[in-house]
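Respectively, the protein sequence lines represent chains G and H. For the first sequence, the positions run 153 to 749 when this note's numbering is used. For the second sequence, the positions run 2 to 122 when this note's numbering is used.
No lab work stands behind these hints, which were simulated from the structure alone. There's no promise every hint is true.
Quick list of in silico lysine-lysine cross-link-like pairs, BS3-like style, CA-CA up to 27 angstroms [what the hints assert, rightly or not]:
1. 194/G to 100/H
2. 499/G to 313/G
3. 194/G to 13/H
4. 237/G to 13/H
Chain H side only, calculated, beta carbon under 10 angstroms to chain G, not exhaustive [as the list claims (entries may be wrong)]:
5. 4
6. 6
7. 7
8. 16
9. 25
10. 47
11. 53
12. 71
Pair ranges (Cβ atoms, derived) [said to hold, decoys possible]:
13. 76/H to 250/G: 35 to 45 angstroms
14. 88/H to 232/G: 27 to 37 angstroms
15. 306/G to 19/H: 20 to 30 angstroms
16. 70/H to 251/G: 26 to 36 angstroms
17. 426/G to 116/H: 52 to 62 angstroms
18. 70/H to 604/G: 43 to 53 angstroms
19. 252/G to 117/H: 41 to 51 angstroms
20. 30/H to 185/G: 21 to 31 angstroms
21. 175/G to 87/H: 35 to 45 angstroms
22. 325/G to 85/H: 47 to 57 angstroms
Since the model is a prediction, treat every value here as computed from it, not as a measurement. The beta-carbon is built from N, C-alpha and C at its ideal position, and this holds for glycine as well.
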Amino acid sequence: MNLYRAHVLVCAGAGCISSGCQGVKNALLESISRLGLEREVKVVETGCMGPCDLGPVIVVYPEGVFYRKLKPADAVEIAEEHLLKGRVVERLLYRVPEDGRTAATFDQIDFFKKQTRIALRNTGIINPESVEEYIARDGYRALGKVLSSMSPQEVIECVKKSGLRGRGGAGFPTGLKWEFSAKAPGSPKYVVCNADEGDPGAFMDRSILEGDPHSVLEGMAICGYAIGANQGYVYVRAEYPLAVQRLSLAIEKAREYGLLGQNIFGTGFSFDVEIRVGAGAFVCGEETALLASIEGRRGEPRPRPPFPAQSGLWGKPTVINNVETWANVPPIILNGPEWFASIGTEKSKGTKVFALAGKVNNTGLVEVPMGTTLREIIFDLGGGIPGGKQFKAVQTGGPSGGCIPARYLDVPVDYESLTQLGAIMGSGGMIVLDEDTCMVDLARFFLEFVQDESCGKCSPCRIGTKRMLEILERITRGEGRDGDIELLEELGHHIKSSALCGLGQTAPNPVLSTIRYFREEYEAHIYQKKCPARVCRELVVYTIDEEKCNGCGRCRVVCPAGAIFGEKKKPHRIEVEKCIRCGTCMEKCKFSAIYSL
Amino acid sequence: MARIDSLAELDKLRERLQEEMRLREGGEEVKVVVTMGTCGIAAGAREVITAILEEISKRGLKGVTVGQTGCAGLCHYEPLVEVERPGTEKVTYVHVDEKKAREIVSKHLVNGQVIKEWTIK
Numbered sequence: 153m154n155l156y157r158a159h160v161l162v163c164a165g166a167g168c169i170s171s172g173c174q175g176v177k178n179a180l181l182e183s184i185s186r187l188g189l190e191r192e193v194k195v196v197e198t199g200c201m202g203p204c205d206l207g208p209v210i211v212v213y214p215e216g217v218f219y220r221k222l223k224p225a226d227a228v229e230i231a232e233e234h235l236l237k238g239r240v241v242e243r244l245l246y247r248v249p250e251d252g253r254t255a256a257t258f259d260q261i262d263f264f265k266k267q268t269r270i271a272l273r274n275t276g277i278i279n280p281e282s283v284e285e286y287i288a289r290d291g292y293r294a295l296g297k298v299l300s301s302m303s304p305q306e307v308i309e310c311v312k313k314s315g316l317r318g319r320g321g322a323g324f325p326t327g328l329k330w331e332f333s334a335k336a337p338g339s340p341k342y343v344v345c346n347a348d349e350g351d352p353g354a355f356m357d358r359s360i361l362e363g364d365p366h367s368v369l370e371g372m373a374i375c376g377y378a379i380g381a382n383q384g385y386v387y388v389r390a391e392y393p394l395a396v397q398r399l400s401l402a403i404e405k406a407r408e409y410g411l412l413g414q415n416i417f418g419t420g421f422s423f424d425v426e427i428r429v430g431a432g433a434f435v436c437g438e439e440t441a442l443l444a445s446i447e448g449r450r451g452e453p454r455p456r457p458p459f460p461a462q463s464g465l466w467g468k469p470t471v472i473n474n475v476e477t478w479a480n481v482p483p484i485i486l487n488g489p490e491w492f493a494s495i496g497t498e499k500s501k502g503t504k505v506f507a508l509a510g511k512v513n514n515t516g517l518v519e520v521p522m523g524t525t526l527r528e529i530i531f532d533l534g535g536g537i538p539g540g541k542q543f544k545a546v547q548t549g550g551p552s553g554g555c556i557p558a559r560y561l562d563v564p565v566d567y568e569s570l571t572q573l574g575a576i577m578g579s580g581g582m583i584v585l586d587e588d589t590c591m592v593d594l595a596r597f598f599l600e601f602v603q604d605e606s607c608g609k610c611s612p613c614r615i616g617t618k619r620m621l622e623i624l625e626r627i628t629r630g631e632g633r634d635g636d637i638e639l640l641e642e643l644g645h646h647i648k649s650s651a652l653c654g655l656g657q658t659a660p661n662p663v664l665s666t667i668r669y670f671r672e673e674y675e676a677h678i679y680q681k682k683c684p685a686r687v688c689r690e691l692v693v694y695t696i697d698e699e700k701c702n703g704c705g706r707c708r709v710v711c712p713a714g715a716i717f718g719e720k721k722k723p724h725r726i727e728v729e730k731c732i733r734c735g736t737c738m739e740k741c742k743f744s745a746i747y748s749l
Numbered sequence: 002m003a004r005i006d007s008l009a010e011l012d013k014l015r016e017r018l019q020e021e022m023r024l025r026e027g028g029e030e031v032k033v034v035v036t037m038g039t040c041g042i043a044a045g046a047r048e049v050i051t052a053i054l055e056e057i058s059k060r061g062l063k064g065v066t067v068g069q070t071g072c073a074g075l076c077h078y079e080p081l082v083e084v085e086r087p088g089t090e091k092v093t094y095v096h097v098d099e100k101k102a103r104e105i106v107s108k109h110l111v112n113g114q115v116i117k118e119w120t121i122k
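Bound-form chain G, shown alone (with noise of 0.2 angstroms):
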């Protein structure tokens, strides 16, 4: 064992990493060596602690310091002053937006203080390529007890009673979907993890993956003994580099310390796992496609029934949950159901990790309890909209999902509260929009996406899709008509009712939730040919104001167009044919004398 008087814990989630924290461990590592620490102070890398929009970030324990925005340079300063000298750096210290005041350590930071951590419970804290540091927090123990104690009924009937219901977006109850692979006639049986996230701006599984990859591992060796599988497999996207490392990593170390493999616990249990990596096809995400995808045939979804419990993999039942779903696993059996259950709402229990993005102040990662309003997370955990903006809406369950507006900021976030909103839980990505959104072209660009996406094998998503994108560029060019709204609806419908899979049937959503709860938007696009939020390009007019515009001529030099015209020292004006609408005049004028209209 080594003992050291402090542990230096610098994030090494994929936002981390992109902001610069090896140089920050590096500076650290070399500073603690050259004042001759080495022996005091250890340094560890964790997986994303959440608030990437301040990274790169560190934790000094034992006091809980938390350090934001570093740079090499800190690091250094961090070592001689903190870690040396034993004085805190306080102008490296978060800051409370509302009045500067610095809060040095967790619970005196919102972000951190109001979540509720079961499946984030070791990301960020451990180490993810040490296995030691997870079973230090438990690790493994949820496994042990469930062979030496359990019988794999009691375990299924475990998992029911807590209420676990799947992640990834449908929110089907995971006990019962254990229990239908359990009684399913067939062997062998197989266990699967959805590691295919690919809902834009979504990053709740990557994390997970990257910071406690054996709390998956373990979730998966439990349903192995409960279902009567042996074999698992984790379907992983190639765009996750570092969570592919990290998980081959931890399935090496778990096999190395006999947690894997053959006669585990000594109980005669034999589980293994291995990685499938996906070539990022969104379709993948939807269970039968990857189910496809691993058996090495071409990723395309095939009706259902039979569900994948009875006939999944190679025609074998298969348990297929996603990441996050696989990382409740253990804490429910070692604290009981009861304990799950007693989080959350009537119908959705636990606790349910979200990605924060877009226009909001603190993006990051965070987790919360179901029943959790969408205000407490967007103003009280995410700060609010930044640059004092009105909020306009949130974007749930990303392509498959749909908008909310303000004035439903008020409602528990639950499967059933947000699928009556028009939206969709999904796996939990969260995209803030203000005021200067443009609904219309928000739907456009995810059903770009899906479009893009869709694999052709069904025609209602093939063309259906197709179609409504073309209406929906058209308005946003300003060439739309009357009838549009009603067509795009009644496309929609049709889609939604008629497409093989998931990735079809919820692709409308986004256009339906916003022509919902934004419908004059559209009306504005189509019938004064005017976009509000002044977003769609050839909407948007420039002018200049006469009485501003003292004709210092910026705009006229910038104009990449040559649409600007005037003498020095007399207002400028311009041309509306030739301006291409780019906007640079607008941000250069320093008498906010152009305006857009």
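Dock chain H against the given chain G, drawing on the hints supplied.
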């Protein structure tokens, strides 16, 4: 590394590993603080803290955090070591060296015996 062949073996390993992680958990525990201002470090506080850490690891002592602090204003008594158990008064040892540090661990931390003659007069 050795294979874990039973739940009991996992529990044993976990107990050992938990000590290393204790720093990150917080809570009630024995605190050993070495004053490490310039004066303390010049007087040998660094060797003292290293010896304390080593001794605690070697003995597998549980529930102890070792920390540092700045100058306590008693520069001519340096190196100083403070031991604080929950619910009891703080004991301050003076003129500690490596050897004394190891003895403080074995007598005070393990057996609960305060070594009176080394405390502040």
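Now for the hints, and whether the structure bears them out:
{"no.": "1", "hint": "194/G to 100/H", "in the structure": "holds, 24 angstroms"}
{"no.": "2", "hint": "499/G to 313/G", "in the structure": "holds, 12 angstroms"}
{"no.": "3", "hint": "194/G to 13/H", "in the structure": "holds, 23 angstroms"}
{"no.": "4", "hint": "237/G to 13/H", "in the structure": "violated, 36 angstroms"}
{"no.": "5", "hint": "4", "in the structure": "holds, 4 angstroms"}
{"no.": "6", "hint": "6", "in the structure": "holds, 4 angstroms"}
{"no.": "7", "hint": "7", "in the structure": "holds, 5 angstroms"}
{"no.": "8", "hint": "16", "in the structure": "holds, 9 angstroms"}
{"no.": "9", "hint": "25", "in the structure": "holds, 5 angstroms"}
{"no.": "10", "hint": "47", "in the structure": "holds, 7 angstroms"}
{"no.": "11", "hint": "53", "in the structure": "holds, 9 angstroms"}
{"no.": "12", "hint": "71", "in the structure": "holds, 6 angstroms"}
{"no.": "13", "hint": "76/H to 250/G: 35 to 45 angstroms", "in the structure": "holds, 42 angstroms"}
{"no.": "14", "hint": "88/H to 232/G: 27 to 37 angstroms", "in the structure": "holds, 36 angstroms"}
{"no.": "15", "hint": "306/G to 19/H: 20 to 30 angstroms", "in the structure": "holds, 28 angstroms"}
{"no.": "16", "hint": "70/H to 251/G: 26 to 36 angstroms", "in the structure": "holds, 29 angstroms"}
{"no.": "17", "hint": "426/G to 116/H: 52 to 62 angstroms", "in the structure": "holds, 58 angstroms"}
{"no.": "18", "hint": "70/H to 604/G: 43 to 53 angstroms", "in the structure": "violated, 59 angstroms"}
{"no.": "19", "hint": "252/G to 117/H: 41 to 51 angstroms", "in the structure": "holds, 49 angstroms"}
{"no.": "20", "hint": "30/H to 185/G: 21 to 31 angstroms", "in the structure": "holds, 29 angstroms"}
{"no.": "21", "hint": "175/G to 87/H: 35 to 45 angstroms", "in the structure": "holds, 41 angstroms"}
{"no.": "22", "hint": "325/G to 85/H: 47 to 57 angstroms", "in the structure": "holds, 50 angstroms"}
Consistency note: the structure conflicts with the earlier hints numbered 4, 18.
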